[in-house]
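Visitor: Take a look at the letters that make up each chain.
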Amino acid sequence: MIRIGSGAGFAGDRIEPAEILVEHANLDYLVLECLAERTIALAQKRKKQDAHSGYDVLLEKRMRSLIPKISGKKVRIITNMGAANPIAGANKIIEIAKELNITVKVAAVTGDDVLTKISPDDLAWETEKPLIEHGQIVSANAYIGVDALLDALKSDAQIIIAGRIADPSLFLAPMIHEFNWAIDDYDLLAKGTVIGHLLECAGQLTGGYFADPGKKDIKDMANLGFPFADILADGSATFSKVERTGGQITLRTAKEQLLYEVVDPNAYITPDVIADFTSVKLEEIYEGLIKVDGAVGLPMPQKLKVSIGYEAGYIGEGEISYAGPNATARASLAGDIIQERIGHLFGEFQVDLIGVNACHRKSFRESDPYEVRLRIAGKAKSMAEAAIIGEEVEALYTNGPAGGGGARKVVNEVIGVVSTFIDRDQVRSQTEVKEYVANETL
Amino acid sequence: MKLYEIAHCRTGDKGNTITLSVIPYEKSDYEFLKERLTADVVKQHLKEIVEGEVKRFEVENIQALQFVCSQALATGVTTSLTLDTHGKSLSFALLELEIG
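Line order of the protein sequences matches chains A and L. Residue numbers for the first sequence follow the numbering used here, so the first one is 1 and each next one is one higher. Residue numbers for the second sequence follow the numbering used here, so the first one is 1 and each next one is one higher.
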């Protein structure tokens with residue numbers, strides 16, 4: 001049996017659940033999944049400006065807390081926090097180890113960056129248009145699978161840092177490594193992929209993104225515990241979390257997470273396998289312990305998906321609130337004023353009333369909110385043009401309807417993402433091991 | 001009766017596509033949902049949100065329905081002007097549906 005914990009489900013996730021897993025769960029592996037499609041494109045832009053950057057922005061914070069805690073323990077960390085620059089990420093980890101004077105061995109896995117191997121004329125899968133027509137390409141990262149991690153696992157590195165590895169592969173690789181599963185035993189690979197899929201969003205399996213007071217209550221969410229799985233060589237697993245942490249794993253949370261982001265439950269495609277989720281069995285063994293088994297699989301796809309990041313201009317936003325009598329009408333009037341003044345300057349322009357129609361783009365029932373927040377958003381080619389939106393909304397203070405308060409403005413650079421495909425044999429991964437040995441005399 | 005009373009739902013996103021799982025609280029409601037909650041009914045309910053097609057998968061092993069809605073995020077997570085770019089809140093738009 002091996003035990004794998006999930007210590008982060010996205011780049012901005014909480015820090016301490018991973019610490020609790022390391023200290024109290026007796027893990028064999030801790031996986032930190034911190035990379036989204038847009039995140040890696042932004043990281044590529046940072047790397048372009050500074051060759052020593054391009055790894056996850058929270059890497060230093062997470063590693064500073066985890067390195068002392070894993071020291072002397074068997075647990076190994078597998079993470080995609082290398083983002084656009086796993087080598088620089090590994091160097092940073094060594095630098096932290098040196099500062100703390102703790103022995104650490106790190107393996108950096110590269111090979112997902114295929115920017116030099118794709119052509120601007122390649123077609124985007126979503127739009128069937130050449131990539132270059134979308135905007136200046138800033139990144140091209142192939143979703144690579146378990147094979148990239150297996151070399152690193154064979155080394156004795158305690159921390160393995162990679163870039164664009166497919167999320168479930170971060171979990172499947174240690175299973176293959178520990179159980180010697182054949183790389184073409186697709187049923188086992190599918191079972192392991194389901195385990196990885198259930199764990200990859202961390203707190204989303206233990207009551208996060210689930211709770212609904214009075215209907216789906218979850219206890220102690222301020223101290224939500226992240227999940228771990230006990231996995232057997234036959235590919236079955238039980239899921240639980242550290243005792244006395246908050247949250248709860250139930251059949252309901254597991255069902256929601258099993259289907260999360262699955263666009264075809266009959267064929268969940270990763271670089272390693274095509275897994276059929278409709279054969280998965282979920283069973284509650286006792287309260288807080290869920291058993292998962294039964295997935296079947298088909299051979300992996302011949303081509304790898306490549307995530308392309310491109311420059312897509314800037315989004316400017318401005319917000320201002322109205323409250324009390326006639327709040328909705330005053331917010332609406334404010335929106336009309338902005339629309340008349342600058343709506344024509346933007347190809348894409350949006351007016352929302354937060355409290356009325358912003359999240360669902362309409363209201364499914366009549367409501368009369370006590371307060372309403374006007375939100376204006378628009379896309380522009382330059383930062384200066386995008387900034388006009390916030391400036392105009394702010395000017396509603398003295399020029400707009402009565403009682404407008406709490407104006408805020410922001411401009412964000414937009415990185416668009418489309419996909420294309422690349423032949424497997426064009427993608428070669430490498431592993432580089434780095435080490436710091438603690439100085440005993442210090 | 002609203003769908004909210006008998007089922008829970010989670011939204012996921014992939015590019016400009018969203019997934020909506022619909023999971024009845026009681027197993028006995030699964031057949032009822034299978035009959036009533038067709039892809040057409042969901043498309044009609046979410047017509048201002050989902051510009052593309054709605055596909056339904058029956059996930060019998062966990063008594064759940066999975067709806068896959070294309071062109072649902074106003075160009076996609078990274079480029080959309082909407083407040084909720086991921087469509088995370090859309091599960092509760094579906095749960096507003098009157099199911100009879």
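Since the hints were made in silico from the structure, they are not lab data. Possibly wrong hints are sitting among the right ones.
Below, in silico cross-link-like pairs of lysine-lysine (DSS-like), each with a Cα-Cα straight-line distance of 27 Å or less [what the hints assert, rightly or not]:
1) Lys-2/L / Lys-154/A
2) Lys-129/A / Lys-55/L
3) Lys-362/A / Lys-88/L
4) Lys-117/A / Lys-55/L
5) Lys-2/L / Lys-88/L
6) Lys-305/A / Lys-88/L
Visitor: Please go over all the hints and tell whether each is borne out by the structure.
Guide: Hints, one by one, checked against the model:
1. Of the supplied pair hints, the one linking Lys-2/L and Lys-154/A is violated, its CA atoms being roughly 54 Å apart against a limit of 27 Å.
2. In summary, the hint linking Lys-129/A to Lys-55/L is supported, as the alpha carbons are separated by about 24 Å, within the 27 Å threshold.
3. Annotation: proposed proximity of Lys-362/A to Lys-88/L holds, straight-line Cα distance about 15 Å (limit 27 Å).
4. Among the hinted pairs, Lys-117/A with Lys-55/L is inconsistent with the structure: their alpha-carbon atoms are about 35 Å apart, more than 27 Å.
5. Under the criterion of a C-alpha separation no larger than 27 Å, the hint pairing Lys-2/L with Lys-88/L is consistent with the structure, at around 20 Å.
6. For the proposed pair Lys-305/A and Lys-88/L, the alpha carbon gap of about 24 Å is at most 27 Å, so the pair holds.
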